[in-house]
Each structure stands twice: as structure tokens, then as C-alpha cells.
Amino acid sequence: MKRMDLKNGDLLVDMKKRIKKTPIENHKVLNEAYDYESKVSFVRGMRVELDNCIMLYISGTASVDEDGRSIHPGDLKAQTWRMFKNIKALLESEGADWHDIVRTTCYLADFRHYDEFNEVRNAFYEEEGLDPVPASTCIEARICRPDLLVETEAIAMIPKGRER
Amino acid sequence: MKRMDLKNGDLLVDMKKRIKKTPIENHKVLNEAYDYESKVSFVRGMRVELDNCIMLYISGTASVDEDGRSIHPGDLKAQTWRMFKNIKALLESEGADWHDIVRTTCYLADFRHYDEFNEVRNAFYEEEGLDPVPASTCIEARICRPDLLVETEAIAMIPKGRER
Amino acid sequence: MKRMDLKNGDLLVDMKKRIKKTPIENHKVLNEAYDYESKVSFVRGMRVELDNCIMLYISGTASVDEDGRSIHPGDLKAQTWRMFKNIKALLESEGADWHDIVRTTCYLADFRHYDEFNEVRNAFYEEEGLDPVPASTCIEARICRPDLLVETEAIAMIPKGRER
Chain A
899 MKRMDLKNGD LLVDMKKRIK KTPIENHKVL NEAYDYESKV SFVRGMRVEL
949 DNCIMLYISG TASVDEDGRS IHPGDLKAQT WRMFKNIKAL LESEGADWHD
999 IVRTTCYLAD FRHYDEFNEV RNAFYEEEGL DPVPASTCIE ARICRPDLLV
1049 ETEAIAMIPK GRER
Chain B
899 MKRMDLKNGD LLVDMKKRIK KTPIENHKVL NEAYDYESKV SFVRGMRVEL
949 DNCIMLYISG TASVDEDGRS IHPGDLKAQT WRMFKNIKAL LESEGADWHD
999 IVRTTCYLAD FRHYDEFNEV RNAFYEEEGL DPVPASTCIE ARICRPDLLV
1049 ETEAIAMIPK GRER
Chain C
899 MKRMDLKNGD LLVDMKKRIK KTPIENHKVL NEAYDYESKV SFVRGMRVEL
949 DNCIMLYISG TASVDEDGRS IHPGDLKAQT WRMFKNIKAL LESEGADWHD
999 IVRTTCYLAD FRHYDEFNEV RNAFYEEEGL DPVPASTCIE ARICRPDLLV
1049 ETEAIAMIPK GRER
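Protein chains in written order, with this note's numbering: chain A, 899 to 1062; chain B, 899 to 1062; chain C, 899 to 1062.
Worth double-checking, as some hints may not be accurate.
No copy is singled out in the list; a pair is fine if it fits within one copy or between any two copies.
[Claimed, not checked] Listed below are the simulated BS3-like cross-link pairs for lysine-lysine, each with C-alpha atoms no more than 27 Å apart in a straight line:
(1) 1058 to 915
(2) 983 to 937
(3) 1058 to 937
(4) 983 to 915
(5) 937 to 975
(6) 1058 to 918
(7) 926 to 1058
If you are wondering where the hints come from, they were derived from the structure by calculation, not from laboratory data.
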């Protein structure tokens, strides 16, 4: 599978000299992200090991279940809750939780849902006991499936040595 | 406030083993971000301490004043200038400035403003003496309030030991 | 050019105490990003040196050629391929490749192109031999020029000492 060789390679890289990174997944709550022709086009998240810090890049995550189905169609509040729970599950698979998130980027398919979204976000953050809450940006944008109303990506950071 | 305990906790985390992070704020120029039912749904920015480097994640920032009001309605140029000044103030509260920004993401409510936006951006960058200017992405996207025409988020990095 | 002095400066910063960063460019495949009145409003990418790790922030990149022209108008697949090649070229100028990318953010001007986009993405990732593929978010958003159908930004990380 490692085809970064002379054929593609104007570049010869010592493969040992890479930053260590591994995919983040939690199949109990969220399937892998299959797209066109059942290939995985992106991972649910990427764990990256720096010196004494691990960065967790969580991909855009929506209200999708363990079989990859959109759930709670038309219900912004239920979708938002499930989305946050999905991110929590991805974090947990790396020994992390929402306290470790430093920033989220949120996409709402329709900004008329902004108040409802914040209501659920506040309730979720309160349940998690977050203080401070993460930095964030929220814009209106269409999401890859029309029945998905909200999507969030996130960056978390944990110290090396955190138990999984 | 720390409720990440047995009730929520499928996960038991040693709270001491977190990456140190603190909210970024500057109440002289920009209020805290209150949303639904006057709860803070996000912080204006998050300071994260790695080994010898501090990352500053600045939340999506717009032309909002110290009382949380949208200012300069309808005036893209004035909004852009205020937005950049707001980000500058957030950075300054951490001993940083625009030279420390590595990347921005910019959202324009209407791309017909793109030339005006760049005109102000170039003028601001020149006033700050930036060389190089940051990496950036700019897309068209609706922002959380209809009277806001432009929003920018940013990532800055400063060395540990920078005086505040 | 360094005007961050007493005029602007409520803040006096020891300029030596900055995180080292340099612009990323590859003029053979991609021009510099000139905007309003032929000023560079953003760099094509920014290289940031942490302790033992280098972060490469690649700006939003589209199907643009070495003279700054949009190429392959109307052809999503050809634009996607060129965009990925442009990012590859930017990475190569820093001794990096697509294996070093941890996350992308993709913007499609029209989500009806999502399947075609994923088809090309999968083909490109396969050619590069990526395993795992990066974390990613993909939303629909208008891009700065109407003839550009797709844009991607990326974050890569490489160890210090990687040869350029």
C-alpha cells in the first residue's frame, strides 16, 4: 500500500521520520466514513503525537449512528445531542473527554436553528461540567447529506501518558 | 462545576493530567459571547500551553463591541477594520500580536464584498507591518447575525515565557 | 516594514521571542496569492517550527496554475486533481507529502459534485498510498472565484530535521 516510491516520488522521504499518527474510531457509536464506492474517504479523527502533547483532530461529525445512517431527521435538538455524544465517544476511545477540546467549528444547515442549537450545546456543556467552554466558530453551511442539520469538528489536546 | 465524575463518567481521568488552557478575553473591546438564555456558549479564544510553545485559538470574531452589539451595520469596510482590531485586542491580552498569527479563516456573508475586504485587510496588515502575512482561507458563509458581514477566526503561536 | 512600534504599540514585544515561521510556496505550480491591487493578502501556506515538530498550515488551495489563472473551468474532477497536486507541490517544497497531512477542510461550491469529488479524492489517495487517510470536514460553500468549484485547506506535521 505504501506507493510513495519512485513512481510518484519526485521526493524520497525516510518513512521512519514521520510524526506518529493513528486514526480515531469508535465503532460502537459511529461507523467508519465510507463514501463513493464504499471507500473510506476520511477518518473520523486523527491522533497526532507531538513531544509531550497529543493532538486529536476530530473530523466533521454529525448525527450518524453505528451503521452510518443519519438519525433524528428533521430534529435539530436530537441531532445536536447525538453529534456531541458521537464526538464524546471518539474522544473516549483516546482517553479524552470534552474538557480536552480547545476549539470547535460548528456548521448549521439553517441559521434559524441557532437558538435551539445553543440551547442544546449549553445543556450538554453543563452536563459535562465544562469550564471554560471551548473556543468556537459557527457558520451556516450545507452539510454532505440533506437530512443532516448540524455538524461539528473539534481539536482536543491531551498530555502524553494519558491512559486509553 | 467539575461534574466529570461517576455520573457522566464512563471514563475516569486524572484531572491534573490535562494540557493547561485558559480562556482569552479582553472586555475593554469585546464582550463575552453570550448566547441562548445568557449562557456563555463559547469563549472568545483559548490559550493552550504546549512544551515551549503556546497556541492561541481565536474564536470566530466579528464587528462586535464591548457590550456585545453588532456595530457598523451595512458597512463592510468598517466592520472588517473593527474585527481585526478585536482580534488584536484578544491577542494583546495574551502578550501577542498579529505577527504571531499563522493562519486565519475568513467568512464573508456576500462575496461581492471580497475586493473591499482585501483592501482593508491589506491596509491593516501594512499598518501592522506583517511580513509574511498569515496563511488563510476565505469562503462565503452566512454569519450568526444577519447584520454581520464578515467574521474571522485565527490561530497564533507564541513562545512560552512571552510576557503578558 | 516592521512598524509594530510605539505608534501602534500599546505592546512592546521582543521580536526575537517569536515562534519561527516562514511562508510556503512553490512557484513552479502555483503563483503567489495576489488580491486587491496586486498585494499579497495571504501566503499559500505557513511553516511553523515547534520543539521537535514542524506544522505546515496550507491555505485554502484551488485549481489555480503558476500564473494564478483558474484552470479546468466547469470540470470538477480535473479541478480536484489539480488542487490536490497543488497541495502536494506546496508540501514538497517543505520536504513533506500527503502522508504528513493530518486534516483537510474541503469546500465544494455545489454539493451535487460530492460523489465526483470523493471519486477523485479516493483515486488520488490511492495513488499516494495513504493509509490512514486524513481527518476531514467537507461543506458546501462559495469560493472566491465563481469558476472555482472546489477548495481545500490542510494541516500537515513533520518532524524537525526532515530534509527539504
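Enumerate the violated hints, using their earlier numbering and listing them in ascending order. Hint 3 contradicted; others consistent.
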